[in-house]
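Engineer: Letter by letter, the chains look like this.
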Amino acid sequence: MNILLLLIIIPILTIIGILFTRDNKKVRVVSAIGMTFQLITAAIIIIWYLAERHAGNTAEVLFASNWVWYETLNIRFYIGVDGVSVAMIGLTAMVIFAGIFASWDVDDLPREFFTFLILLSSGVFGFFISLDLFTMFLFYEIAVIPMYLLIGIWGTGPRHYSAMKLTLMLMGGSALILLGMLGLYFNSNPDGGPFTFEILKIAKAHIPLNTQLFFFPFLFVGFGVLGALFPFHTWSPDGHASAPTAVSMLHAGVLMKLGGYGCYRVAIFLLPDAAHKLAWIFLILTTISVIYGALGAIWQKDLKYINAYSSVSHCGLVLFAILMFNETAMNGAIMQMISHGIMTALFFALIGMIYGRTHTRYINEMSGLMKVMPFLAVAYVIAGLASLGLPGFSGFVAEMTIFVGAFQHADTFHRVATIIAASSIVATAVYILRVVGMMLYGKINKEEYELITDAKWYDRLSVGTLIFGITAIGLAPLWLSTMITGGIGPVIEKLFLAMN
Amino acid sequence: MFEGVPLSWFLILSTVMFFVGVYGFLVRKNLITMLMSIELILNSVCINFVAFNKILYPEHMEGMFFTIFIIAVAAAEASVAIAIIINIYRRIVNIDVEKMDEMKY
Amino acid sequence: MFDFSYTIWILLIPFFLFILIGFWGNKFKPAVSGIVGSAGLFTSWILSIFTAYKYFFDVGRVDDVYQQIIGYNTLWLRFTDTLHIDMGVLIDPISVMMLIVVTTVSLMAHIYSTDYLKGEKGFERFYSFLSLFTFAMLGLVVATNIFQMYIFWELVGVSSYLLIGFYYTRDTAVAASKKAFIVTRFADLGFLIGILLLSYYTKTFDFLTLTSPTGPAIGTPPAATFIGLSVLTWAMILIFIGGAGKSAMFPLHIWLPDAMEGPTPVSALIHAATMVVAGVYLVARMFPIYITVPIALQVVAWVGAFSSLFAAIIACTQYDIKRVLAYSTMSQIGYMMCALGVSGMGGHEGLGYMASMFHLFTHAFFKALLFLCAGAIIHAVHSNYLYGMGGLRKYLPITHITFLIACLAISGIPPFAGFFSKDEILVAAYHHDTALFIIEYIVAGVTAFYMFRLYFGIFWGKKQDYHHTPHEAPYSMTIPLIFLALGAAFAGFIPFSHLVTSDRQLFELHTEWIIAIPSIVIAIIGIGVAYVMYLKPTDIPRRVAHSLHGFYTAAYHKFYIDEVYLFITQKIIFNHISKPIAWFDRHIVDGSMNGISYVTNQASDRIRGFQSGQLQQYALVFVSGTVILALVFIYLWT
Amino acid sequence: MTSNQFMFLLFSAVIVIFSILTVTTRRILRAATFLLFVLVSTAGLYFLLQYNFLAAIQLTLYAGGIVVLIIFSILLTSHIAEKLPAAGLMKKWPAALVSLIGAALCIVVILQYNFPGSVGSTERVNVRLIGESLINYGRYGYALPFEVISILLIAAMIGAIVLAKKRKD
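Protein chains in written order, with the numbering used here: chain A, 1 to 500; chain B, 1 to 105; chain C, 1 to 638; chain D, 1 to 169.
For reference, chain A alone in the conformation it holds in the complex (with noise of 0.2 Å):
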């Protein structure tokens, strides 16, 4: 038995657990329950991982099970970890987990609220543990679906169009990695021989340059939908702004996370000669997401826009760096995607938590509300301030090992881009701090606000558990920082041998 199928069987018994529930009021218990055994379940394996590497365990991959799926396709099941999928497992595991209390006054249809929502984060899982192409397509699928339902049924505003928009620029991204993937497929064994999905079988095949070429595109703009990529962004305001609470957390959270992941872990990793002779063209947009995102925010009203501008900024500048190539920066990249998605999930339900209580998200319509709600307001400065990278919080670990690593290419044009990119972290604080300043700080502006009630026991958890995540990398990121490098090692290699 290996302990990653639990990560994929706890989601499934919770929900058998929820469809079995007779109160609609014991479902969020169940989904709780059942999340906090994920939660143990990833920090046993983040432990176990960090102790086996401790004691010199140098397999490339940690707790791998093969099984063959379909033979004829040569289509397996095929599952194990590395230092960067582990500590995206732990971040999904935060998220979910802040999620489900987040979402803990949800009476509209609750049963099937959690159990999409409970699927989409066995999707989640299922796609950072698979090692095969087919399974994590698969594993993709399965995460992607669930959020065009949760956005239509339970969201707000214009949450039809949005939930529209987002499932159908999400698709066509993950119809522009299927065909990348079948492209690899194809080529995955030039010598003659089965084809293969296996990631690491195709990494050690020698794919022809013309041939990499014409598939990176299809990868990297497909998973590059999901990060936000400019100009394939914008389901990400629309989607945000419409979703319900723990769907923008997971989301933002964790599901944009997937476009960087499956950028660094099929995209350069499989094709590294072409990522090194495209990689400007998506080095300039992704220098353009980051400042553009963060300019983008300073003009909105609406918390979600914000909020999901600077999403763009941020994954912005996750891609950045995983173009870089380089240890550092590719180091900073998996670390940005953590920080951004523990802090974005935080913002995320503070925004729902604000909103679930003055039903509003226009900044300029709330004022003063420190003093009725100083729990959620000093958790909002925290979170505003960890993303505008202060130090002591996870941003700031995440942005400058970027920054740095960027800089240290030797080359002219990648050295100004990271300049260019650096200097968002003005735009940020601009934006931060403007909403921070209108909405928290002043006076009361509505005698309604005055009768606000502070955060109940299940929001502070919910909450409480992001900010331990961006205090706990911010304040020791060195054990994060080592078991990443230990991750990428292989793709470093790989992007070397492809430079030279």
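Take these hints with a grain of salt, some might be off.
Here are the computed lysine-lysine pairs in the DSS-like style, where the Cα-Cα straight-line distance is at most 25 Å [unchecked claim]:
hint, chain 1, residue 1, chain 2, residue 2
1, A, Lys443, C, Lys394
2, B, Lys29, D, Lys91
3, C, Lys462, C, Lys579
In silico contact screen, one side only, chain D against chain B (beta carbon under 7 Å); selected entries [unchecked claim]:
hint, residue
4, Ser12
5, Ser19
6, Thr22
7, Thr42
8, Lys91
9, Gly159
Just so you know, these hints were derived from the structure itself, not from any lab.
Ideal placement from N, C-alpha and C gives every residue a C-beta, glycine not left out.
Got chain A; can you put chains B, C and D on it based on the hints?
Structural biologist: Here is chains B, C and D on its own, set in the frame of chain A:
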């Protein structure tokens, strides 16, 4: 042995009749008149069969037999069609084909 | 070798206080937070004093050279094999001096605030932020590498933000805090890029490696150039931009006057004595590198000199006493920067460096004292404005005396502390560049003038009708005043040239009376002018202002720098960049995505129209199709 | 002109004229009547071609059965006096065009094709022969189509009854 009339005359006749039937089918709105147009089409085909049989292969009888079968099928078709028409008439008190577009899209 | 690893506790005590008061402060009575905070900081202060004693008088000096000692170091984050952030404590003359300054002023602010902020909402919040600031500032001064400095640099920035915005229900305070953070953040971007440049060429963050004469920055400087200047020059200029932002040098000074919206002890601690001198400290810390790139050092000198003059002129026209002090701070920091800029390396050449540090040290005392006095005055009259004050000397005797001492000190009247340090700066400037010397000389006079304008305006002048009789502050506020006044009076006798020098070797200092006497004279002239104009309410100030009409108005409006910034941020960035981007995103990028979906929709609608349900239409198409196919196959495709 | 030709032309004139009238008249009962004329004339053609049995079937089944059926249904669904609305021009013209082009195309093809003359001798088709063929399952036997047709007819009969039956609800 049939003398005097060339095969092409029969064929031209049936062609004309056939396309008159087609025209009727395309233009008439009333379901029953459309059915009549179909009868015309069928009839023209029958004439073809018979003429081919008689003029080209007088020793065989396939054309005639097929005509018989067509007539039988036409009878069956007419009866079912009329049953349907009456049914439709009961439902929408009309047998205008243009009004029957519920199956669109 | 003496083990300095305990010094980490000087930082950690405030950090734990921050956590403790931040999380559990509201569980107890507010006073508990004040007492715990002050007591904790007292421990830190004792430790700092002990460290200073040990370092300067016991173990620090080996063969007449002060050693740079790594008291504590631990790996925090590794980027590459050579680039890594360590967290540690570097003990050398300037860091030890700063430890003293920071803990002393912070302790005074802590004690002072127990009464100053009594009864305010958020009392414990104030103390936790104060502890956070102290922690960050201490971390900054003892940084062993430039990245650690950057980390704490950001942290002092944020604690300054939080403390300026302490009265968060006041819109001006919120705006000021935002402004302070964003302006310094912008400067920090320069700092960050400077660090990146420096680290790219030297492959290290470590101060000791960077400043070592044989190190990668000095021993083997990178050959690369950019627009005619070496990358090292660029890196140092960029780093100086960071320092200029924190130290409120022109043109990044605009946040400092607004920052006076914060509680007065905060102004005293952060915006007078400690955080704003971080820029000076940064330049001093990197001084061995600056000395190898003269152009960067020129920039430092001129920016410093210009800021000092600029701020001094504005200070003469302001009525908010805290703002006057803020501009005065800016002016004095300009002095320090200028002193660094004119300094050389080693022995008497490094006089400017020594003088700058000396002035930093004395300035911390008298400027903190001035602010705390201002706090006591505001506490008494509930107003910030000069025209609401006058004749207070009888009501506030202790404040009066201490304020006078501070004014004399800042004006450079012997034997008060400011005289010694300012005099050395003038000497250093005189030997380096006459133009700079003249600027600084004028500034000395202007400083004396505006300080005594303040002094006479507050304590003399016409008597005001106060709502209730002003009364002297309680002991917890006057004791820090007296303590700092002692410092302001006698700190000048500390033999700095034996303690803090550019090459850490002591040298003998001689007072150059040829400079000192004119500087005393101009200070007395300044005081005299102020005496004439402000001792009694007269018409002279108005007439002077009138005769200098345009210039006066410009100075009164701070030379419209704020408006320029507002124009750039509001009009250009907000309205002409961000708004169009938002529009572009919604309408062009998203519009094209929606356009794709619209076209698809329309196309599908058209295609759907074919399936009309009209039987005869189908039949017509079918027949036509058949006919066309027949035609095609018979005639065209044979 | 032989008598055959004359008879043929006569019948075909009737057929063509009444066909056209069938599809153009606006009175539905007249259309049925004209259809009857067409069918009868067709039967006449069969007679001309000496397929007497076939002609008889045509007369009884078509003229006698189907047309009567049609007339019944007309009486059930329309008023006799009612004039059908004329078809729109947008409908007429394309249909006429397609029909004309189709007809012209077919006629041109027919005229261009050179049909071989008849070869075999002929014998008069008698009813016995037809009957034997219908139940013969050897060469030239039609037992299978015959059975199929009978099943079809039964199915159609049942289907027609079921369809036309009035629903209880």
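Engineer: Against each hint, give a clear statement of whether it holds in the structure.
Structural biologist: Okay, the hints, checked on the actual structure:
Between A/Lys443 and C/Lys394 the CA atoms are separated by roughly 39 Å; this puts the pair beyond 25 Å, and the hint is violated. For a cut-off of 25 Å, the pair hint linking B/Lys29 to D/Lys91 stands: about 10 Å separates their Cα positions. A hinted pair counts as satisfied when its Cα atoms are at most 25 Å apart, and C/Lys462 with C/Lys579 does not qualify at roughly 52 Å. The closest approach between the C-beta of D/Ser12 and any C-beta of chain B is roughly 5 Å, which is under the 7 Å cut-off, so the hint is satisfied.
Restraint check, D/Ser19 versus chain B: the minimum CB separation of about 4 Å is within 7 Å; hint holds. Here the hint on D/Thr22 is kept, as its CB sits about 6 Å from the closest CB of chain B, short of 7 Å. For D/Thr42, the interface hint holds, the least distance from its beta-carbon to any beta-carbon of chain B being 5 Å, beneath 7 Å. Using the Cβ-Cβ criterion of 7 Å, the hint placing D/Lys91 at the interface with chain B is satisfied: the shortest such distance is roughly 6 Å.
For D/Gly159, the interface hint holds, since its Cβ comes within 7 Å of a Cβ in chain B; the closest pair sits about 5 Å apart.
Violated hints, listed in ascending order, are 1, 3; each of the other numbered hints is respected by the structure.
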